[in-house]
Amino acid sequence: MPARAIAAPAASPPDDGNWVMAAKNYASTRYSELDEIDTNTVRDLQVSFTFSTGVVRGHEAAPLVVNGTMYVVTPYPNKLYALDLTKPGAPTKWTFEPRPAASAQGVACCDYVNRGPAFADGRIFINTLDAQTIAVDAETGRELWRTKLGDINKGETMTMAPLVVKGKVLVGNAGGEFGVRGWITALDAETGKIVWRAYNTGPDTDVLIGDDYKPFYDKEKGKDLGVSTWPPNAWEIGGGTVWGWISYDPELDLIYHGTGNPGPWNPEQRPGDNKWTGGIFARNPDTGQARWFYQAVPHDLYDYDGINELILLDMPWQGQPRKVLIRPERNGYLYVIDRSSGEVLAADPYFPANSTKGVDLKTGLIEYNEEKHPRVGKVVRDICPTAPGAKDWNPSAFSPKTGIVYIPHNNLCMDWESVEANYIAGTPYVGANVKMYAGPGGNRGTFTAWDPGQRRKVWELKEDLPLWSGALATAGDLVFYGTMDGWFKAVNAGSGELLWRFKTGSGIIGQPISYRGPDGRQYIAILSGVGGWAGAIVAGDLDPHDASAAKGFVNAVSDLPQRTTKGGMLYVFALPQRR
Amino acid sequence: MSSLSRNAVSLALLGVLLLAACEREERSYRGEPVGEVKPGAIVQGTLYAGAPSPPPPQRREYEGNAYHVSEGKRLFEWFNCSGCHAHGGGDIGPPLMDEVWIYGGELENIAATIVEGRPNGMPSFRNKIPDQQLWQIAAYVRSMQREVRKDVAPGRDDHMAVTPGEQNQPVTPPKPGGVASPSSEGRGP
Amino acid sequence: MGPRDGVSSSELRDGPSLGEEDTMRRLERTWGTPPGLWGWLTTVDHKRIGRRYIATGFVFFLVGGVLALLMRLQLAQPENTLVGPDRYNQLFSMHGTTMMFLFAVPIMEAMAVYLVPLMVGTRNIAFPRLNAFSYWVYLFGGVMIVVAFLMNTGPETGWFSYVPLAGPEYSPGKRTDFWAQMITFTEVAALAVAVEIIVTVFKMRAPGMGLNRVPLFVWSMLVTSFMVIFAMPAVMLASSFLIMDRLVSTQFFNPAEGGDPLLWQHLFWFFGHPEVYIIFLPALGMVSSIVAAMARRPVFGHVPMVLALVATAFLGFGLWVHHMFATGLPHLASGYFTAASMMIAIPSGIQIFCWIATLWDGRPQWTVPLLFVVGFVVIFVLGGLTGVMQASVPFDLQVHDSYFVVAHFHYVLIGGAVFPLFGAFYFWFPKITGRMLGERLGRWNFWLFFIGFNVAFFPMHLLGMMGMPRRVYTYPAELGWADLNLTATLGALLVAASVALFLVNVLVSLRAGRIAGPNPWNAGTLEWATASPPPSYNFAHIPVVEGLEPLWDKAGPLGMVHGLRVEEREVLLTTVLDAHPDLREPSPRSTIWPLLSALAVTVLFIGSIFTPWALVWGAVPLAVGLVGWFWPKRRHVPPEPVVES
Amino acid sequence: MRWPPAPWGRKGRVLPILVLAACSGPQSMLDPAGGQAARIGVMGWILLAGCAFVYAVVLLWLLWALARRHRWVEPGGVLPPQAGVERRLTNGLVAWVVGTVLILFAFVAASYAVDKSLTHLANREEVVVEVEGKQWWWTVRYPDDDPSRSITTANEIHLPVGVPVRVKLKAADVIHSLWIPNLHGKMDLIPGRDNELFLTADREGIFRGQCAEFCGLQHAHMALDVIVHSRAAFDAWKEAQLAPAPAPADEALARGQALFLTSACTMCHGIRGTPASASVAPDLTHLASRRSIAAGALPYNRGNLAGWIADPQRIKPGNHMPLVGVPPSDLQALVAYLDSLK
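As you go down the protein sequences, you meet chains W, V, P and A in turn.
Quick note: the first sequence uses the working numbering, first residue 221, plus one each step.
Quick note: the second sequence uses the working numbering, first residue 27, plus one each step.
Quick note: the third sequence uses the working numbering, first residue 5, plus one each step.
Quick note: the fourth sequence uses the working numbering, first residue 83, plus one each step.
The set of hints was computed from the structure by calculation and includes no laboratory data.
Since we're looking at a predicted model, the values are computed, not measured.
Glycine included, C-beta positions come from ideal geometry on N, C-alpha and C.
Some hints here could point you the wrong way.
[Stated by the list, open to error] List time: in silico SDA-like cross-link candidates among lysine to any residue, alpha-carbon distance up to 25 Å:
hint : chain 1 : residue 1 : chain 2 : residue 2
1    : V       : Lys176    : V       : Pro83
2    : A       : Lys250    : W       : Pro452
3    : W       : Lys598    : A       : Arg248
4    : A       : Lys250    : A       : Val180
5    : W       : Lys368    : V       : Gly143
6    : W       : Lys592    : A       : Glu212
7    : W       : Lys598    : A       : Ser361
8    : A       : Lys250    : P       : Ala337
9    : V       : Lys176    : P       : Ala337
10   : P       : Lys558    : A       : Val160
11   : P       : Lys558    : A       : Ser345
12   : W       : Lys441    : A       : Arg248
13   : P       : Lys558    : P       : Pro537
14   : W       : Lys434    : W       : Pro541
15   : A       : Lys198    : P       : Leu333
16   : W       : Lys374    : A       : Ser345
17   : V       : Lys176    : P       : Val620
18   : W       : Lys598    : A       : Tyr224
19   : W       : Lys598    : P       : Phe245
20   : A       : Lys198    : P       : Ala337
21   : W       : Lys374    : A       : Gly355
22   : W       : Lys621    : W       : Glu363
23   : W       : Lys441    : A       : Asp228
24   : W       : Lys441    : W       : Asn453
[Claimed, not checked] Facing chain W, from chain A, some residues (calculated, C-beta under 10 Å):
hint : residue
25   : Ser230
26   : Pro273
27   : Gly355
[As the list claims (entries may be wrong)] Derived CB-CB ranges, DEER-like:
hint : chain 1 : residue 1 : chain 2 : residue 2 : range
28   : P       : Thr615    : A       : Ala334    : 33 to 41 Å
29   : P       : Asn84     : A       : Val124    : 55 to 63 Å
30   : V       : Gly130    : W       : Asp357    : 42 to 50 Å
31   : V       : Glu52     : P       : Ala481    : 26 to 34 Å
32   : A       : Arg206    : W       : Gly539    : 50 to 58 Å
33   : V       : Glu52     : A       : Leu148    : 53 to 61 Å
34   : A       : Leu142    : V       : Glu52     : 51 to 59 Å
35   : V       : Asn194    : W       : Lys723    : 34 to 42 Å
With the rest of the complex left out, here is chain W (with noise of 0.2 Å):
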């Protein structure tokens, strides 16, 4: 028995120096066990090159570095580009433009993002905006499959990293915020062929619950629920979809991802539990078939979509080893889950919410705040966390070295008034006036250092604007991540003190990697490019005078524009050469 957390060893093989999903391993630890970078060495990180990706809007992607070769997708148009970082200054090797409905841009909620490509078997996958899964070869860039999943005229769209499991490309919708009805799908890697798709709202059949369904709770039993617990078809344009992160375990042979906020985001419009939205599903990754549901947020209130990255860890609980998974959850509850089984063995906050008061252990139920209920014609004030919640879907990492989990994310607060969402295809469907600002303290965002075992945060930096970009981990006892005024950072992963700092030409919103180049020195690489639901105010040129506007993130940053220009450029730093 470990003395303290590892990730899950089956979904963590050794480093090979490449990064060759979004999240770097099936745990989604985001742990890179390269170490020629660390606290002493880190302060002579410099630039080795760059590239501009030609697109000025919210690059939230992961670049993936696969035998030498770098795959940078961009946000809409979704080109994908392959680097040759054998040669200096890694020129084009093939750029890839799968060529988007334009239209698409109308329906995508916050920003026309992409969090990035999957790489499997000599094959780059990427979404694109219009909801197709495109397969590419990854040496020549030649196109192999693409896959049509969804309509934009319905709202939906695809945004989110695909990833690979058992020779099937696991990806879903997004358009919550569109009255979308979400699923996940998984696709045959080889021929882009529907192997099987299992929605999130709806009857037994489509949700792909059958016999191995076995639930923890006993609020996730009973037939149908994706039906009974909302208002007469009101499930049809639910939401719930499936926008972020996927993880996998090879020994329970699990899938676990999340579901979105149900729709609109309204409560009142859909009196019941709104199964099953706002919660985590655990799948056979062949058949679908769901094993255990957890819904964190039953008839979520806040738009607390349940999409964040799962982190999958084994480590001693009250003596016991256990395989868990680590969810930092958008209602500030950092759950740790029994993945086995689906129990919740902790749910603490690692944010000062105001909007729930606790989650019982026993129940699994989350209680919520009878006196930030938001109402019709009623603004709620000062609710906390906020809709883009304590942490949106801007993934943490995990160190095994110091056990620690990384989460950056938002402190803010909002004022929240629901009102009547009326349903037209293709249009929005939310039904809420949303004015965010900052939270307790005034910094509107945190890196915390959590360590799960301890149920205790460990230290914690305050960060003045929202933290939209994911972070890394690294063997050299660093954490990087990035600002939304393009600042980008290494702190000590065991204290936080900032060690390196560089100023890069837009916010960024980016997920940073680590690979071993051919040349096998270890780089660190981050996109920079502000943008998003935090940085919609930039990308989109959107105007402060309207505090709701970007559903009322704007009023949060409305300084953002003086602090960061639009941009779309990879950064990749190294140590200088020894010569």
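Knowing the structure of chain W, use the given hints to seat chains V, P and A on it.
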């Protein structure tokens, strides 16, 4: 000035006031059925070959009428315009309260944009919005940008105060962001 | 501004040393209004201002009546299309607004402006320039709203303009802004008059008119004026909140942002219910004057009558919530307001009893004023009783906002105020014009009004109980409301005919009416002690009062005060309780500044409908007006203590 | 509409006062059909009787005062008050005040008792109805612990007979007031406030309610139908309402549905079971089962429906349904489809 001409001037002023008021306060409900905004009648740019064509009559009828503009405001919410453009500040779609117009900012341009859609994501509402409502929405959009008279533009609505209301849209620089809520002040992390 | 005769003549005082003819000539020269348009614009004579106040108020009564007729014609049959919903909504809003704000309250105050100084025996009202200002502001405000209405910018949300309907989201355009500013205009005017009346009554009564000898009409105006001062600020506050919500996006009435639509209702009805008594109490005073004169004896129970007036005023402020029973208030609160609302029947009952008792013990003279008083009792008591019924919460939940309420308040307001007012017109017309109003036409006028009124409004009780809500521009035929509505419309036409007859009567009588003489009714109060119409200075000598009905109590001529200047405008101030002579106070001459200030206020108020900056630039002309108004006079005559002579 | 004509008929113009007793109708407080309305009715009769008595006393007193033999006075003369008479009158005044106070006290007590009994009636509830007032129609919802069994309809309240009902009242825009005179008095629907009303219908029947607080242009056409049936019939109605709209049975209906789904209709209206899910206008899933169109403006039938769609602004000027301009050929198909939504 002779008293006669003075009288004439005040009469003329009164007349202008009268006309403005009638135009502002008229309530007409029926409008025209769903049709199409003839693209021929729509000018996208500001550059004309020869003498500029006169603006279509809808401009005066709708932009000068408080009822139409306020109906436009209601429909802007009902038809989810606000879903993408927020209350003028923009979101998925571009802001409408600033001075930038990608596809032209005249009433006809905005109407055309609504009917025909635009390639980068603006859906087409052809056959979905009757003409009168279309002009009403377009007139309201113009009011966001202070392009209709102040006495016609709507005031605040009965919802969260997110803008000062179209009639009071300021021309001041944006306020600095990130100010903590009053209630959260002094509450440590 | 006649030529001055030098310092010594300015010291000239009335008294035995000065011949009667000479005194009157000099007083006329001092107090008279210059001829021509300039005089008309600059006068501060309470009689001239009172006269035009009354005439203006009556014109608004006619305007409101025409609006009512249009409504009745629209409702004469189901699914009628004479006027559409938009026009109809403006019609009833204007009708209510005109009748309440531009007719009822101003005309009652106008009667007081004319009569109170005469009844207390003084030469002019207190603050005469404010009085002129008040009239102009009222006139401009009234004209503004009528012009706005004619320009399709009339109010459309009813006379109580509930938010959110009257708020910025649901009332686009400037219609409601004009309404809200009209409130401001009329309230400024009403407050000004209230202050004048109070000071006139307290400080300018003729010597000897202790508070126990004040006529009931003067009492009623005094109490009314206090009610105005306490009630009107609430509605001014409310209308200011409303216009700020509409123009500068404040959130007073936005429930989403923590405002409250019920705040409007509380503020409005805190004014709105006393408003009813502000209209009704002066009418009670008129009834008392008429009853005393026509029964040939003083009103029975003077002290209970005064106490009833005061009690009504106090209670009137404690029952506004009975307009809000259907808003879902806590039961205990409703219970309190039920009791309070019913209690107001007690003082009203006392007054009814006393008048009837006076008639019972006296010898009723069957003149037109008395007819109207009898009509008043018959109609008003019925309206009062339906009011008592509505004080019961459960019953009110049914009839509230139905035609039953429409019937009720027309019984109370027309019965309780318009009938006495018409009686008062017949009663005081000779004093104001010097000629009697025709009795024959007057009887026609009365009977048409009485019958027409009941035909018009009695059926509305039934309509309300049969489910007809108020403020509907039409109704379906199937509900069986058509016949009663048609009946009501016919009644309304009768009333219209009656008012037309009254106009004819006035026009004919102005030219050919019987010459009245100073006291045609042989009434007992001071206004009948001077000529009809009274001279500009009211009384050649200030009378001395020795009883409640001075002209009855004293067989011979009244005692008089000597020693007021005749070449300067000077009035006699007396002590508040016993009316002992106290000071001689100068009274201002004709001046244009009140008119100019009123114009400046008008510019400011109307400007602020369109931009809040009007409050800033509009303050400049107003400041000019006020500076001119208050500019120190070269020859200031200080107040002097009175020397008893 | 389908109510029986008033008993006195359209032609027989009988003096209205005579038919006071016969003022029964679908929207009349004089014909109570529920416990609350009945109690209020009793209160009304108590008040009416008391007030009629007082009125009679005042009129008799006035008549006597005017018609009695009065003291003589020469023209212009004045009658001095006589001490004895004054004393008697003063006694009369005291009696008068005491009488007034007693009657008022009785009224207040009765009113309080009735009010209390109305509250008492409210103590149990078996059916909850949510009514939301909008310019100028009513959304009616029947929430259920099982949300998938909740019902949304418009301008029509169905109630089981003899069962206490809690009506939750909300306003979406301005203040409205729900008034179903045969069942209860009115209660306001106020933005930002939750009110409620308790009803118990005592007999089956069809009643009519109307908005009683002025709410703008079409305040006059904001009515709703109240249908009181037996428990069984009510349950059957609920089941029927739960079902989604039936699929079009034939070609023509399919064309009508296609017209609906591709036209401006879907911007505002929803039909469950089709992609149309808009909710700013009345839900049309079971339109053809309702009794009226446009919040009581027209009785429901195909002709009226066609007329309404063809030109809603002529029938209800200023209402929020625009003139869409459906061509006549399409109109027939559209109406046929909507008429199939039983």
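Consistency of the hints with the structure:
Restraint check: the Cα-Cα separation between Lys176 of chain V and Pro83 of chain V comes to about 20 Å, which is no more than 25 Å; the hinted pair holds. Only pairs whose Cα atoms come within 25 Å are accepted, and Lys250 of chain A paired with Pro452 of chain W is accepted, the gap being roughly 20 Å. For a cut-off of 25 Å, the pair hint linking Lys598 of chain W to Arg248 of chain A stands: about 23 Å separates their Cα positions. Straight-line distance between C-alpha atoms of Lys250 of chain A and Val180 of chain A comes to about 43 Å, which puts the hinted pair past the 25 Å bound.
Distance restraint check for Lys368 of chain W and Gly143 of chain V: the Cα-Cα separation of roughly 23 Å lies within the 25 Å cut-off, and the hinted pair is therefore satisfied. Of the supplied pair hints, the one linking Lys592 of chain W and Glu212 of chain A holds, its CA atoms being roughly 23 Å apart against a limit of 25 Å. Of the supplied pair hints, the one linking Lys598 of chain W and Ser361 of chain A holds, its CA atoms being roughly 20 Å apart against a limit of 25 Å. Between the alpha carbons of Lys250 of chain A and Ala337 of chain P the distance comes to roughly 21 Å, so the proposed pair stays at or under 25 Å and holds.
At roughly 44 Å between alpha-carbon atoms, Lys176 of chain V and Ala337 of chain P are farther apart than 25 Å, so this suggested pair is violated. Taken as a hint, the Lys558 of chain P and Val160 of chain A pair is honoured in the structure, with Cα atoms around 11 Å apart against an allowance of 25 Å. Note on Lys558 of chain P and Ser345 of chain A: the hinted pairing is violated, with a Cα-Cα distance of about 90 Å set against a maximum of 25 Å. At most 25 Å may separate the alpha-carbon atoms for a hinted pair to count; Lys441 of chain W and Arg248 of chain A exceed this at roughly 32 Å.
For a cut-off of 25 Å, the pair hint linking Lys558 of chain P to Pro537 of chain P stands: about 23 Å separates their Cα positions. With a C-alpha separation of about 21 Å, the suggested pair Lys434 of chain W and Pro541 of chain W falls inside the 25 Å cut-off, and the hint holds. Distance check on the hinted pair: Lys198 of chain A and Leu333 of chain P sit about 14 Å apart at the alpha-carbon level, within 25 Å; holds. For the hint pairing Lys374 of chain W with Ser345 of chain A, the CA-to-CA distance comes to about 16 Å; that is within 25 Å, so the pair holds.
Between Lys176 of chain V and Val620 of chain P, the direct Cα distance comes to roughly 18 Å. Compliance with the 25 Å bound is thereby established for this hinted pair. Our distance criterion of 25 Å between C-alpha atoms is met by Lys598 of chain W and Tyr224 of chain A, whose separation comes to about 23 Å. As the CA atoms of Lys598 of chain W and Phe245 of chain P are separated by approximately 20 Å, the hinted pair is consistent with the 25 Å bound. Restraint check: the Cα-Cα separation between Lys198 of chain A and Ala337 of chain P comes to about 13 Å, which is no more than 25 Å; the hinted pair holds.
As the CA atoms of Lys374 of chain W and Gly355 of chain A are separated by approximately 16 Å, the hinted pair is consistent with the 25 Å bound. Proximity of Lys621 of chain W to Glu363 of chain W is assessed by CA-CA distance (about 40 Å); at most 25 Å being required, the pair is judged violated. Proposed proximity of Lys441 of chain W and Asp228 of chain A is supported: the alpha carbons are some 15 Å apart, at most 25 Å. For the hint pairing Lys441 of chain W with Asn453 of chain W, the CA-to-CA distance comes to about 21 Å; that is within 25 Å, so the pair holds.
A distance limit of 10 Å between C-beta atoms decides the matter here; for Ser230 of chain A the minimum to chain W is near 5 Å, and the interface restraint holds. Hint status for Pro273 of chain A relative to chain W: holds, with the closest Cβ pair at about 6 Å, below 10 Å. Nearest Cβ of chain W to the Cβ of Gly355 of chain A: about 7 Å, under the 10 Å cut. The hint holds. Separation of Thr615 of chain P from Ala334 of chain A is about 59 Å and departs from the stated range, judged on CB atoms against 33 to 41 Å.
Checked against the hint of 55 to 63 Å, the pair Asn84 of chain P and Val124 of chain A fails, with Cβ atoms roughly 36 Å apart. With their beta carbons about 44 Å apart, Gly130 of chain V and Asp357 of chain W fall inside the hinted range of 42 to 50 Å. For Glu52 of chain V and Ala481 of chain P, the hinted distance range of 26 to 34 Å is satisfied, since their beta carbons lie about 30 Å from each other. The hint said 50 to 58 Å for the Cβ distance between Arg206 of chain A and Gly539 of chain W, and at roughly 54 Å that hint holds.
Taking 53 to 61 Å as the suggested C-beta distance range, the pair Glu52 of chain V and Leu148 of chain A conforms, at roughly 56 Å. Judged by the Cβ atoms, the range 51 to 59 Å given for Leu142 of chain A and Glu52 of chain V holds: they are separated by roughly 57 Å. For Asn194 of chain V and Lys723 of chain W, the hinted distance range of 34 to 42 Å is satisfied, since their beta carbons lie about 39 Å from each other.
Checked against the numbered hints above, the structure violates hints 4, 9, 11, 12, 22, 28 and 29; every other hint is satisfied.
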